[in-house]
Amino acid sequence: MESMTENSTKPNLERVCQTEWIEFRRSHIHGTGGYARKPIPDGTEIIEYVGEKITKAEALRRCEAQNEYIFTVNDDWDIDGNVAWNPARLINHSCAPNCEALIDDDGRIWITALRDIQPGEELTFNYNYDLEDYREHLCRCGAPQCVGYMVAEEFFDHVRRQQALAQA
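Residue numbers (this note's numbering): 1 to 168.
Because the hints were derived from the structure by calculation, they are not lab data.
C-beta: ideal position from N, C-alpha, C; glycine also.
Be aware that one or more of the hints could be misleading.
No farther apart than 25 Å at their CA atoms in a straight line, the calculated lysine to any residue pairs in the SDA-like style are these [said to hold, decoys possible]: (1) LYS38 with GLU154; (2) LYS38 with GLU48; (3) LYS56 with GLU153; (4) LYS53 with ASP106; (5) LYS56 with GLU100; (6) LYS38 with ARG89; (7) LYS56 with ASN86; (8) LYS53 with ALA101; (9) LYS53 with GLN118; (10) LYS53 with PRO119; (11) LYS38 with LYS53; (12) LYS38 with LEU102; (13) LYS56 with GLU154; (14) LYS38 with TYR127; (15) LYS56 with VAL83; (16) LYS53 with PRO39; (17) LYS53 with THR19; (18) LYS56 with ARG89; (19) LYS38 with HIS93.
Each pair of labels, with its calculated beta carbon distance range [said to hold, decoys possible]: (20) GLU20 with ALA166: 38 to 46 Å; (21) ASP105 with PRO144: 13 to 21 Å; (22) LEU165 with THR44: 36 to 44 Å; (23) ARG140 with PRO119: 34 to 42 Å; (24) PRO144 with GLU58: 37 to 45 Å; (25) THR72 with LEU138: 20 to 28 Å; (26) ALA152 with GLU45: 15 to 23 Å; (27) ARG140 with ALA166: 13 to 21 Å; (28) LEU60 with GLN167: 18 to 26 Å; (29) HIS137 with GLU100: 17 to 25 Å.
Using the sequences and the accompanying hints, generate a full structural model.
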């Protein structure tokens, strides 16, 4: 990371830290978010999601303790990104993301640009939550096609059907 900077207390201008590609500061989506510092080309590995490598059993225990930063790597291992040295944990969810999380052959998780991203644009990816307890994970992304919950795109139609049934 290039620098960790504490700045003023202006609510939408506070810079938390920055890397080569990203400046982390207050977000209109939720809390702190990552914003492009310069143009980011499609396919760029922007930042690695890092943390403690843990077993599935330990991941379950930590999730039950309300840790929201557990990232699935494979059938055996997860990453607990709830560490100060993982600013990627601050990148927000969106139903219309400009990034995606990709796992390389070494099990490293990279937040990668899905398209060209302009300076000042907030970086987002779909957290790809499943349907279990999805109503507990409200989405505030504000995208025109937002389904209102942080679920994988494959579940968007299901959630929309549930919402239509509830309104009928």
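Measure nothing beyond the straight line between the CA atoms of LYS38 and GLU48; if it is 25 Å or shorter, mark the hint as holding. holds (18 Å)
Review point. Are LYS56 and GLU153 close enough, with their CA atoms no more than 25 Å apart?
Key: holds (24 Å)
Note to self: Does ARG89 sit within 25 Å of LYS56, going by the straight-line distance between their CA atoms?
What the structure shows: holds (19 Å)
Quick check: does the Cβ-Cβ distance between GLU20 and ALA166 fall within 38 to 46 Å?
holds (45 Å)
### Query
Can the restraint linking LYS56 and ASN86 be considered satisfied, given a maximum Cα separation of 25 Å?
holds (20 Å)
Between the alpha carbons of LYS56 and GLU100, is the straight-line distance 25 Å or under?
holds (22 Å)
Compare the distance between the alpha carbons of LYS38 and LEU102 with 25 Å, and conclude whether the hinted pair is satisfied.
Given pair LYS38, LEU102 holds - Cα atoms ~22 Å apart, limit 25 Å.
Within a Cα-Cα threshold of 25 Å, do LYS38 and GLU154 meet the stated pairing?
violated (31 Å)
Q) Do the alpha carbons of LYS53 and GLN118 lie within 25 Å of each other, as the hint requires? A) violated (33 Å)
Check your understanding: Between HIS137 and GLU100, does the beta-carbon spacing fit 17 to 25 Å?
Key -> Because 18 Å falls inside the window, the suggested range holds.
Quiz prompt | GLU45 and ALA152 - C-beta distance against the hinted 15 to 23 Å | solution = holds (22 Å)
Exercise for the section: Can you let me know if the beta-carbon spacing of ARG140 and PRO119 is within 34 to 42 Å? Expected result: Cβ of ARG140 to Cβ of PRO119: about 23 Å, so the range 34 to 42 Å is violated.
The structure shown violates the earlier hints numbered 1, 9, 10, 11, 16, 21, 23, 28.
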